[in-house]
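Peer 1: Could you put together the complete structure from these sequences and hints?
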Amino acid sequence: MAHGAVPPQVTASSPAATPRPELRKGRVAKVHRTSGFRRPPGGTGRSRGRVRERVQSGHAPCVIGAHVLVGYSPDPGGREALEYARAIAALTGGRLTVAVVYPPGRAGAAAEAGATLEQAAALLGEEPADYAVQESRGVGRGLSVLAGKVGADLIVIGSAAGGAHGHIGIGSAADHLLHASSEAVLLVPAGYSPAERPQRLTVAYVRRPQCDEAVQRAAVAAARLQIPLRLLTLSLGDADPGQLRDDLALAVPLAAEAGGLEPAAVQTELAEADDVAAAMARTDWAEGELLICASSEDSAVHRVFLGEMALKVLRASPCPVAVLPRGRD
1 MAHGAVPPQV TASSPAATPR PELRKGRVAK VHRTSGFRRP PGGTGRSRGR
51 VRERVQSGHA PCVIGAHVLV GYSPDPGGRE ALEYARAIAA LTGGRLTVAV
101 VYPPGRAGAA AEAGATLEQA AALLGEEPAD YAVQESRGVG RGLSVLAGKV
151 GADLIVIGSA AGGAHGHIGI GSAADHLLHA SSEAVLLVPA GYSPAERPQR
201 LTVAYVRRPQ CDEAVQRAAV AAARLQIPLR LLTLSLGDAD PGQLRDDLAL
251 AVPLAAEAGG LEPAAVQTEL AEADDVAAAM ARTDWAEGEL LICASSEDSA
301 VHRVFLGEMA LKVLRASPCP VAVLPRGRD
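Sequential numbering from 1 applies to the sequence shown in our numbering.
Simulated from the structure, these hints should not be mistaken for lab results.
Remember, predicted model here, so these are calculated numbers, not experimental data.
Errors might be hidden in some of the hints.
Claimed, not checked - List time: in silico SDA-like cross-link candidates among lysine to any residue, alpha-carbon distance up to 20 Å:
id: 1; residue 1: 312; residue 2: 161
id: 2; residue 1: 312; residue 2: 236
id: 3; residue 1: 312; residue 2: 284
id: 4; residue 1: 149; residue 2: 135
Peer 2: Structure, rendered in structure tokens:
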């Protein structure tokens, strides 16, 4: 592939590669892919009604994106984000779009973005993906705009440079997305290598409507992927552990009904400590765990907005964290 070119375009109507298009801002170059959710291995089990039927048919929403947009950069954080986004798309059978955002008004920036996409394409090899560049004054803003253009429902980015190994470093791109994105945002810790498939979904839970929505979506995803679901509450300082346990108990039937799960299959855990970092450190984390956080009650409908407590949880997490928009159907 010549320097400055973009990956070849293949359309559904023509399986053979067409000549390379000139990649302009916001334009997407495509390669062949398979869309839709794959049915997970194993039997479907005894139906528990319409909810379970929707889960098994793939018509129920899933917390993991059906169209994953990953922001790529030629550094460790960009490569780790690309690898994790590829793993998600492979697991769900969804669509993968790789994007590079470049600033306006700088000579050669568009060509550099195209060359960076070449690097991403080389890393993916024959993996099916779309490729796009987007002009924007900020990476986070550019990814958000592009997600709307291509119909992505999940944006994946890596840890900012200089972040502690094994944890998420929040740079300007992540900060923008965590306070303004219309799509779910997933951040990957520095140095993280994805497992072949997730081993468990954990929801950071406190009793409020936004968290209840996250529990329902995570339960549907856990049922589709046939992996365990855990509801995790942090008990900090002088909080009442008994009340928090009662809140967790009330969330179990909510998860069971949403995902068509047996209540006994929904794990709960109360992590007690003086602060968030200590509570997260005392919590057991499975290989391939994904932590799911709800947006703050202060967020606008269909927007991501991470509150102060959830931001501390995100920074202390040793595994990838997905933040869901408020009120997303």
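Peer 1: With reference to the structure, classify each hint as holding or not holding.
Peer 2: The hints, checked one at a time:
1. 312 - 161: holds, 18 Å
2. 312 - 236: Cα-Cα ~12 Å, so holds.
3. 312 - 284: Distance ~18 Å between residue 312 and residue 284 Cα, so the pair holds.
4. 149 - 135: holds, 13 Å
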